[in-house]
Structures are given as structure tokens and as C-alpha cells.
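Got chain A sorted already, so can you dock chain B onto it with the hints?
Those sequence lines, one after another, are chains A and B. Numbering (my numbering) for the first sequence: 1 to 253. Numbering (my numbering) for the second sequence: 1 to 599.
Hints are computed from structural coordinates only; laboratory data are not their basis. Idealized CB from N, CA, C, for every residue including glycine. Keep in mind that a hint or two might mislead.
[Stated by the list, open to error] Stretch-level coverage of chain A by chain B, calculated; a stretch enters the list once three of its residues show a Cβ under 8 angstroms from a Cβ in chain B: (1) 47–55; (2) 95–103.
[Unchecked claim] Pairs of lysine to any residue residues, derived as SDA-like cross-links and limited to a Cα-Cα distance of at most 25 angstroms, are as follows: (3) K119(A) x G61(B); (4) K206(B) x R37(A); (5) K357(B) x V118(A); (6) K114(B) x R37(A); (7) K503(B) x K227(A); (8) K163(A) x Y148(B); (9) K322(B) x I207(B); (10) K163(A) x S80(A); (11) K114(B) x V118(A); (12) K114(B) x D135(A); (13) K508(B) x I485(B); (14) K357(B) x R194(A); (15) K206(B) x I485(B); (16) K142(A) x A129(B); (17) K347(B) x R136(A); (18) K227(A) x I96(A); (19) K142(A) x V157(B); (20) K299(B) x Y148(B); (21) K185(B) x I96(A); (22) K65(B) x K322(B); (23) K508(B) x A40(A); (24) K357(B) x I85(A); (25) K67(A) x P121(A); (26) K366(B) x E268(B); (27) K114(B) x T185(A); (28) K119(A) x K508(B); (29) K206(A) x P350(B).
Okay, here's what each chain looks like letter by letter:
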Amino acid sequence: MPTFTMQVFRGEGRTGGFKEYKVEADTGMVVLDLIHRIQATQAQDLAVRWNCKAGKCGSCSAEINGKPRLMCMTRMDLFSEAEPITVAPIRAFPWIRDLVTDVSYNYEKARQLPPLRVKSPEADGTYRMMQEDIDRIQEFHKCIECFLCQDVCHVIRDHEENKKIFAGPRFFIKAAGLDMHPLDTRTDRAQFVREQAGVGLCNITKCCTEVCPEHIHITDNAIIPLKERVADEFFDPVVWLLRKFRGRRQDRA
Amino acid sequence: MASHDYETHDHDVIVIGAGGAGLRAAIEAAASGVSVGLVCKSLLGKAHTVMAEGGIAAALGNVWKEDNWQVHFRDTMRGGKMLNNWRMAQLHAQEAPERVLELERWGALFDRTKDGRILQRDFGGHRYARLAHVGDRTGLEMIRTLQYHGIHQGIDVYMECTITRLLKDGDRVSGAVGYWRESGKVVVFRAKAVVLATGGIGKAWKITSNSWEYTGDGHSLALWAGADLIDMEFVQFHPTGMVWPPSVRGILVTEGVRGDGGTLKNSEGKRFMFNYIPDFFKGETADNEAEADRWYEDKTARRTPDLLPRDEVARAINAEVKAGRGSPHGGVFLDICTRRPADYIRKRLPSMYHQFKELAGVDITKEPMEVGPTCHYVMGGVRVDADTTQSTVPGLFAAGEVAGGMHGSNRLGGNSLSDLLVFGRRAGLHAALYAKNFAGALTVDAGQVEQAARQMLAPFERTGGENPYAIQSDLQETMQALVGIIRNEAELKEALKRLEQLKERAHKVRADGHRQYNPGWHTALDLESLLTVAECSAVAALERKESRGGHTRDDHPYTDDTWGKVNVVLRLRDGRVQVSREPLLEMPADLKALFQERK
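With the rest of the complex left out, here is chain B:
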């Protein structure tokens, strides 16, 4: 086969993905004085971070001076049901405040307290009001701030460029290969270090808050390059997505609605969350409406169960609907209109107001919203060293949603944006250090490039193959039905069987037309990573025979201490996904003590 023409770009560090983590990594690497390329599938500023609503969790202590990193650390670990990489959770809690203040120095304008400091809002699982925010469009403020700061740092940005394979020189990473979405031409990046900041895998499910980009590219690139993945069974279904009309099903409704006083009700008008307080959170959760309502102003009261961690709330909604107490379109009611004045709602939740008004014809200052669970976030990801974010492959780093460990079995709301900043910065810093310390030459193996290029172009050469959209849609149905909020062995095995059939079909997928800006072809290529992460998630879910956080098995309904000591680890051996159980890092005694202080 003739050699494919391709262009090559050289950098010390390339960052794949330009959301919060990728931008922050690129900024830090550039500040370290190395040459940085930032590659993203969409236009700059359109990444998934832009959709984040509620806020950035950071123990600034502006609203409650009692707050500090230890409390934040404790909340994060408990939210993750203690499965988190404790060191990541510690670094995250310690460094998040400085990362928020840094955003302010770069121009971000957060909502203010009366004395002019950064205002913080209540969110699920956080003991104190902790989320720095801008109404309900915090992600937009964050990405714009990073974007406009980043464009002056000498970073080369490669927009609308999809990476399909990492390149390796021996054990090390040596770059990446992909294609320009606009021209369809092959492009090679030669780099000493690669930072993955590609986000999540939510497009493998049908009802999802995630955009087309969330096809698990980084997870798959890492796995194919020999890196370990951990915790892939833990998928967060956000409790509140829109459910009506059908075309908007899954679009996110911020937890800020509940943080600002909204409450969940069933068809009988009852605040049902009081019936779903698990023993693990009994000590800190209000068991009556009066105390729950008092908590917003008085932190000596216990927290409203409406703000239990997301896994708990999603399961509760699921159970209410199953019990026949759902709303007309199969969700439950989220009511803020009877609880807060219309002006307050419009000021605090402008984009929710706008979204419901324009897409559902619902005025949330007058009527309750109908909401239900939507696939939102994957806790699992690339296994990294907490301090450096380096994966098990030399030169390969990962930050943000694509990295695993930080959130354990369930992520608290608001901890994602702070995760992006804390570990994005660390990834950029350590990737740059790695590149600087790397002596010797890296070669890009033309054979690897050639093979990747052949795989990219294969869908054009097939005749009679299938439409990629049909395969994508069947995959989403399969994951929704069989690897959803509640799982069991029979269904997971059935899912894996169907995924094998889908892989077969994907091998024969056909692209129509030509290479220039061809979404059908792009969808065909994305199927490979989408199927990879779907399989990883199902394999890990089958392995973990207990229920914990974002993984609920109705055939193993209880949390089991022996499973609380291990991660499910996946790696590729001879082309097959291998699964093993490996012990968690041991938490040092001084941090352990934080969990004994208070019940």
C-alpha cells in the first residue's frame, strides 16, 4: 500500500483536549518554557466544560469560615465511598482554592459576597457552601477565562483535529496521529510527552448530558497504548436531567437548583428524599423538613437529603418512578417555584430559566420542572500517579475526567471543575518537566502511522457496510438498557455479548462521500473508542460484585468491605481486555483520623 501523505508537527508536549483540564495543562506547560501543542476535536472554547453549571468546589472559607481543606477532603472521600485515591483527593482539596483565585487573576468574575469576596453556594455532599460560581454558567466563565488567558501564552492550537492513536517508541510515548476534521487529511504530532485531557465516555448511553465529543477517546488511546484503567464500573447518572420533551431528554438541570433551595417531590407532592437516607449519611442528614429547610442558613442543622450525593439521589428517583409515583413523563418533580421568589430564581439560575422556557415551554418560577437521571460523568479512567498525573506508560499523562481515582466510586458536584484546574495544572507542569529531562531521541515509527492511516480510511473502501449512526444508536440502547443505574450479572453478560456483535458490525461500517468535513465518517471512526469504553465499563461492572457509588448491582445490593479495599484494573493483553483487582493505596494515619472525629 502506498504511503499516505501526512504533515508532522513537533512539540515537547502535546495536550489532547481543550476543556478545562487541557487548557490549564497547556498554560502550565507553556509557562514552564517548553513548546506546547493543544489539539481539540471542536473549535476552541466549545469543549464540554462550557456546559458545567453549578460551580467550582474550593474551601475558600468565604461564606463559612469553618470550612478548610480537611473538611473538603473528608466530604470528597465520603462522597466517593472511600474508594478514592486519597492522595489525589488531598491535593485536590488543598490546591483548589489557589486555582480559583488564579482564575480570578486571569479575569474570571465570580458572583460576590456582600463584602466583595467570591460567593460560594451549597451543593450535594459538601458540608459547607463551597462552590465558587457565576449564576449557573460557571463552566462558561472558566473556559473563556482559560481560553483568553491561553491565547497569549504561545500555545499552538490545532482545532477540529481528532487523534486516533498514540505513537510509541519502545515503552515510551512518542506522539500521536489523527486527522483534520475539515480536510480529512492525516496529521502526526511528534512529542516527548502527551497529556490526555479528553473528558468522558457518556455518549455510549442513550440518555446523556454529554455531547458528541464524549466518545472515550482518551480512555481508549491510553488502553491501546498499554496504560491501565481503573474504576470503569463507576458511571455517574446525574439525578436531574430534563425528561420532556423527548428531544431534550438528558440535558442537564444543575444541582444548583437544589443547592439554592429547590426540592424533589413525587406525584403525591411528597418530599420523598427523606425516605432514602442511607445509614452511611444518617448522622449528617436532616430527617425532617423543618431541619432540612433550616440548614440552608444554619449549618448546625443537618443537611437536607435533597443534597445527598448524586448516586443516592439518582437511585431514589429511579425507585420512585418504578413505584409508580413519577411525573407524567417518567421523572419526578423538582420544585423551586414555591420555595424561592421569582427574582431570586432568575438571578441565581438564569440559564435554567432560559433552557426550560425555550425548550420545554415551562416557566420554572411558576411551575415545577420534570427531571430524571441522565448519564453524566465517568469516575473511572486512566490510572495515574497522584502528584505527577503520569500514567503507567512513560511520557503519558492524564488529567480531568479521563483520569481515574480522584472521585472514587462517586463524584461530588463541583469537584469536577476543581479537579480540572488542580490536575490540569499538575499534568502540564510534570509533562513539561518530563520533556525537559528527557535526553535522547524519539523516533516516530512510520509503520505505526501507516497502520493508523489505513484504519482511518478503511470505512471509505467498504461497500455494502452499515451506516455508522445505526450502530451508534444500537450501542447507546444496549448500554442504557443493560449497563444503566441498576445492574445485574445476567444483563451485564448480555451486554457484553451484544457489544461483541456490535464490534463485528463496526468492523464493516461504511462511510459515504469524501473526506472533507464528513460527520458520517467521523462517527464511524469514533465507534472504535466508544465500543472500547463501553466494553471496559461492562467488564468492570461484571467484576465488582457489590453496590457502591455509581455502581449498583441488584444481585449484590450491599456495600462490601472487602471490595472497599480494591480497584478493578483493566489492561490490554494480546488484544483482549484483562481484568484484575488491585489494592488501594493505604491512607496515612493523620488523614484517617479525620474520619473518626465526627459521625
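This is chain A alone, in the form it adopts within the complex:
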């Protein structure tokens, strides 16, 4: 069995650093297996979040050799035994302990999104929706909330002050999914993504799309259409003029 040199970021509060562990890997193992093996044999208090270990729950996000990834979907055969492998917490969020960070920012942003307001059902009490009309939104609904896109987004990664005014890629796809939802009747979504979610701060470097473990086309399919919606609604001269006369539509949650 190959033996890997794992450098795992350890500590809590303000002090921490990489600690080295030598760990054997069985066939097919992933980084999370080695972390578990460290817990079972060398450091039982090594803090890590995980649940499904199958790439479905998005709990075990970390920066592996500096790259944001899910530990449960990162196979050890990607790496060579000769080189040490670093495992660090996702760094855009406040650090708690070892590999665990405080991701409450995301839960706050989630609450701010105006919820779906559905139109009335058809006479039989149900809805008709065509598959081709929901394909795009189903892509967004694949999101496992691993927050790797949030972690890698430079708007907040290096600018703590932007967190107040910026919702991040995860919530742009959520907002886009609601905006495109065939049953939604809200008309204030463009205003929300512009004024509260800060979509204008995104300069489409596509870092989020690159790290998405679900391969969601975050930038092309969600953020750019949202930016277009904002441009149509707020920067189209005809719309602007109409609004001058009629006043802005008001929408309440």
C-alpha cells in the first residue's frame, strides 16, 4: 500500500499551521478516507465536516494542494507519493478549528432571497410545465451547497467588506433559478440581484464555474443572464424613460 505524506491544517481560533501525518492508502481511496484514517489512528480530535461521502451533500469542502475540492471526490491516485499533499480549510470563511469553518454567511444570504411566489394552479389544482422549460433550472437545482464557488470567488475571498453587499455565485444560481421558474410571479428579482445581491461586482472570471463539483455552468447560465436582466431593467433607456413616468413597480415579500 502506498504511504502518503498528508499536511493537514490544524489549530483553532488564531493559531494554526500544517501538521504532517504519514498515512497508508488502499485502492481507490479518496482524501476523506485518509483524513478518517488519521482520526482513527493518530489524531481523534481532528475536526472535519462530512456526511454522505458520495459527493451529494457538499459538507467536506477543503483546499487540497491549494485547490478548492470535495475531499470525498478527490482520489488519492491523482497524487504522487513523493510529494506532500496539503489539506486546508476553505479560506473565504471564518476559521473554527482544523478543517472546519463558519459558513453562516451562506445561510444568512439564503434567507435574504425573496421566496417563490407561485401563480394559481390550473383548474385541476395542479400545474403543467414543459421539460424544456425547466431543464436550465434543474441544472441549478443540482447545487449541493458545498460553497466551493463562494470560497473561490475573489469578490469575497480577499474582501471581507464585500460580504455585506454580495451574495456570491451560489445565490446567483438560486436567484436565477427562481427568476426563470415557470411558476414564479415576482417582478422584483432583477432589483434584488442588483441592489441586495451585488451581481454587478462579479466580473465573470468564471472561477466559480471551474470549481463546481456538479459542473453547473454558473457564469454562463446564471450570472450572465442575471446581468442581462439587470441591464434590461435598469439601463435600457426606453425602460428608464417609462419608469420616469410610471414610477417603479413595487413588490413585497
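What follows is chain B alone, placed relative to chain A:
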């Protein structure tokens, strides 16, 4: 001993567990106008429901208009080998369609039929294509929908918080005590009603589709608080878990693979399920390949044996492997690549495609999968009243996997997600009603809190004790080897003996480090509930001297009618698990008639 500092939160209702059942319960309770706290061990949206793949069983009749609640009810009861609480099965079949439509109103986007309605897929044991689904990630859609609906309902969510004891005031429940995983501090919830929605017990086995959270917390909390458990011998081994590579052994492969046309084959390339059709299902199961393949499009044909209920398929795979006709890594082959086009597979089963590609290096559009049984679900659980979900302890409710009775001796695929919605809603509704009608004051007994806190912190005070991971791993080996798919008296007795030794070891378990986010300590504390449910399962399995559903005894290989009339009931008396046999509820004549109509 000095009093431990702790914070206290007051609610009318607290819900423990934030998977499908817990979220649905919290939403319903909040809608009833009471104050609701939702407590969960992980972050919100990460509960086990997120891993559910195939779909939600509900007789919407969108694909086959012949489908209705009576057919669904009949399938469910027959799948459970008639041991189900008939009233739960009836409510479930009747209410599931409305619960699915409600999810759609809350934003869920199910795959569609050509005329724009909710598409339904075939699954094991269901007469008609009945599962509302989103590819093979239905659980994710369900939990996100409930989560994003729930956050606007005024529910207080307590994330990463583990409950270790329920609190009681006399006979009634008065709250719960636990700890914050992040800080390690003790926390008390004072509540008039408590809803358990904690899921299952699968982490007691080595090969399992279940995550670290599935340590039987709710089952144990209920038992310790004086509630009855039923049917704990019935554990579902899902027939298709991954078997290779070793590190992914047990990860679920959805039944949807077979629902969408996949078939099981042995090392000789034979579709072996035709050799394993039990008499009970002969009348409705195809006995030749042509009829089996026709069934997908033509429901006048009989159903393919690949979609027999899970207990039957798991036993068949087990037998094939034992007979030396297994795959190279000790499973069998699940083939969809020769049966359906690659585009269809990628569209219908995207996460299976992804999972095999990334974790096993297998392209399921080109090669068969290797699969074998994996511990998946416990049918047994807290004994509840069907209509209200209340347990035998006043103020204590249970819904979802932690509740017993709904699925009898074996659960049909797809009936779990619908169970969560139907009984989650009922639990929230009736817990809120109970809280509203409760007059008088409840007191939280500081002595109970103090005792729970002492137990929580004990692992830090021991020196020289054992590593919790070693005990957990030995427990999993024991259950895998001795309380697995096929059981017998000698092995079950041996299991109980070893569980006693493991309990002794667990009493001396040691936690290193400090209380802040310390998984070793959390694992040490989880051992208590894990050992409790392991014992319950083994005791009940020893008691039931027949084979039925998710309980197979090679020393009692036949289904016995006298055992078909009783539940095995467990309760705690003087600190010991007591076992008794109690009669099932009698099914009314009009429902009985449903089972005579068709063979």
C-alpha cells in the same frame, strides 16, 4: 459536583432532526402558530434525505391512470409482508399525492411527462410507475425545497447540535438536553412537545449506505424516555451498493437503474432473478425475459423479477455470490449499458454516471456496474399512533425512519420520501395541537440536566481508556458478521455477548483534546445510542423465529403465519431491554378485500 453552565431555549415544539421528516414537521408546526425549534447534528440541508435518489412514491396516476391509493396501499402492505400498521400504510397512500403537489407549489421541479405533468418512474414492488423524481437526485430536490420554504416560516434552527437525552416531567416529555458540536457547551431545550425525526441506525453496520449521523439517536432517546420500539429486527439491506473499490463499498446505487431498464446478471451472464421468484409474488412477476422486458411499456405483462422488493433481491444476490457466481469483487453485475442508449442513461441517472466515473473509474454507459447488498434502512422504530404519530410517551412524537410500523417487515423503494412528507406533516400538526392544548406548567428538572451533562463530559475525565473509533469499528464488524442479511440463533447470541463486552469498553472510552469541535468526543458519545440500537436489533432478531422481509433466519427459513400476527415490542425496564410479542392492529374488512381481488 459543580453545576454545569448551560443555555436554555424555550419552544412549544422542538423537532430533532432536519431531514425530510423534521423539516416537514417544523414547517407544519410553525404554520399552526406555535413556536418551533429545529435541532440538527449537521448543517441545514446536509441530512440523509439529501442522498435519496430514486423518487417519491405517490399514486398521482400521471403515467398510468389505473393507479390509485388502494393499489399503492396494497403494494406497500405486500412489500412489508403484511406486517405493516395498516392505518399508517393507508394514510400514507392516501396523502402522498397531495404532499408531492405541495412540494411543487413550494418550488420543486420534478421531471415532466410529455404533457407537462409530473413524470413517474418504475420501482421495485410498485405495480405502476409511481415515483415522482428528479433524475436520480430526488432527495436533494426535496430537502432544498423544504429548506428554502422552511427558512421563511419563522422556525429557529439550531445547527450542529446533538441531543443526548430527553427531559421528562413525570410521565410527560418536557424538553431535551444536548451539546453544541462547535463549542462543546451544554444546551437545554424546554418544550411542551418533542418530535423525533432522527432517521435510522445504519452506522451500526460496516457496509452501509448511511452517513456518520445514523447512530440511532432518536430510537435510543425514545427507549430511554420510556417509549416502546417495534419491529427492530427488520433491517433493510439495499440490494445494490457499490462494492469496488473498497473505500466506496456500501455507497448506494439507486433502484432507479433497474426501474429504468437495468438488469442483474451473474458471472455467467445470466439474469438470475428469474430463479428467485418467491411463491408470494409468483402471480405478479414475469417468469421469462420477454415478458419482463415488455412490462416496462405494457403493464398487462407481469413485472420483471429484477424489481422484486428489496429483501428478495438482496437475498438473491447474497445466494449467487455464495454459490460462486459473483463478480470479481464479491458482488454481481448490474447492467444498463447493453439495455439503454448512453444518452438516456446520462439523462436519467446522471449522479450514478458521475459517481461510478469518479469513484470507481467505470463508465456505466459502456460497462456493467458491480453491486452488492448494503445496510440501508431500519423498518423498526418508535411505536406511534398512526394518525397523530404520538409515541407511548405523552408529548413525544416520531416521524420518518425513526418511527416504526409504516413499512412492516420491508420497505418499498420510494415509500421513504413519501413517508417523510406524510408523517412529518402529521407529526408537526399534532405536536403543535398537543402543545396548544397543554395547560399547566412544565418544569425542567435540573437533576436530569446535571446527570446528562456529567455523562457528556465523562470521556474527558478518563485516563487510559480506549479510542472511540476502535470500539465503533469493532461494533460495526460484529453487526456485519452476526446480525446481517442471514441470521441464526447461535450467531445472534454470540452478537449479544459481544455487544455486552463492547458496552463495557464503551463505559471506559476516552476523548482526547478539548470540547471544541472534537469528532473523537462526538464519536465517543454516539457509541451509547449506537450500542443501544445494535442490541435492540439483535434482541428482536433473536425473538422472531421465522423469516420475513428484512429478517431472514437460516434456522427458521419459512414465513410463519403465527408470527405474521404480532410485532416484537421492546421497552426498557430497570435499565434492561425487555421483549414481548403484541398483536397487530386488525385491518378493517373493506381494506382486507383489496387483497382478495387479484392474485
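Status of each hint after checking the structure:
Coverage of the stretch 47–55 of chain A by chain B holds [criterion: at least 3 residues with CB-CB distance below 8 angstroms; count 9]. Only residues whose C-beta sits within less than 8 angstroms of a C-beta in chain B count toward coverage, and the stretch 95–103 of chain A has 5 of them, enough to reach three; the restraint holds. Only pairs whose Cα atoms come within 25 angstroms are accepted, and K119(A) paired with G61(B) is accepted, the gap being roughly 23 angstroms. The hinted pair formed by K206(B) and R37(A) meets the criterion: a straight-line CA distance of about 15 angstroms does not exceed 25 angstroms.
With a C-alpha separation of about 38 angstroms, the suggested pair K357(B) and V118(A) falls outside the 25 angstroms cut-off, and the hint is violated. For the hint linking K114(B) to R37(A), the alpha-carbon distance of about 49 angstroms lies beyond 25 angstroms, and the restraint is violated. Annotation: proposed proximity of K503(B) to K227(A) is violated, straight-line Cα distance about 60 angstroms (limit 25 angstroms). Between K163(A) and Y148(B) the alpha-carbon distance is near 21 angstroms, which keeps this suggested pair within the 25 angstroms criterion.
Under the criterion of a C-alpha separation no larger than 25 angstroms, the hint pairing K322(B) with I207(B) is consistent with the structure, at around 17 angstroms. Between K163(A) and S80(A) the CA atoms are separated by roughly 37 angstroms; this puts the pair beyond 25 angstroms, and the hint is violated. Between K114(B) and V118(A) the alpha-carbon distance is near 22 angstroms, which keeps this suggested pair within the 25 angstroms criterion. Pair hint K114(B) plus D135(A) holds up; C-alpha atoms about 14 angstroms apart against a cutoff of 25 angstroms.
Simply put, K508(B) and I485(B) have alpha-carbon atoms about 31 angstroms apart, too far for the 25 angstroms limit, and the pair is violated. For a cut-off of 25 angstroms, the pair hint linking K357(B) to R194(A) is broken: about 39 angstroms separates their Cα positions. A threshold of 25 angstroms between alpha carbons decides the hint, and for K206(B) with I485(B) the separation of about 13 angstroms falls inside it, so the pair holds. Between K142(A) and A129(B), the direct Cα distance comes to roughly 24 angstroms. Compliance with the 25 angstroms bound is thereby established for this hinted pair.
The straight-line distance between the Cα atoms of K347(B) and R136(A) is roughly 13 angstroms, inside the 25 angstroms bound, and the hint therefore holds. Restraint check for K227(A) and I96(A): not satisfied, since their Cα atoms lie roughly 35 angstroms apart, outside the 25 angstroms limit. Between K142(A) and V157(B), the direct Cα distance comes to roughly 24 angstroms. Compliance with the 25 angstroms bound is thereby established for this hinted pair. Proximity of K299(B) to Y148(B) is assessed by CA-CA distance (about 38 angstroms); at most 25 angstroms being required, the pair is judged violated.
Among the hinted pairs, K185(B) with I96(A) is consistent with the structure: their alpha-carbon atoms are about 15 angstroms apart, no more than 25 angstroms. Our distance criterion of 25 angstroms between C-alpha atoms is broken by K65(B) and K322(B), whose separation comes to about 42 angstroms. In summary, the hint linking K508(B) to A40(A) is supported, as the alpha carbons are separated by about 17 angstroms, within the 25 angstroms threshold. At most 25 angstroms may separate the alpha-carbon atoms for a hinted pair to count; K357(B) and I85(A) meet this at roughly 23 angstroms.
A distance of roughly 46 angstroms separates the Cα atoms of K67(A) and P121(A); the hinted pair therefore is violated under the 25 angstroms criterion. For the hint linking K366(B) to E268(B), the alpha-carbon distance of about 19 angstroms falls within 25 angstroms, and the restraint holds. Taking the CA atoms of K114(B) and T185(A), the gap is about 24 angstroms. The hint holds against a cut of 25 angstroms. The suggested pairing of K119(A) with K508(B) is violated, with an alpha-carbon distance near 60 angstroms, which exceeds 25 angstroms.
A hinted pair counts as satisfied when its Cα atoms are at most 25 angstroms apart, and K206(A) with P350(B) qualifies at roughly 23 angstroms.
In this structure, the hints that do not hold are numbers 5, 6, 7, 10, 13, 14, 18, 20, 22, 25, 28, in rising order.
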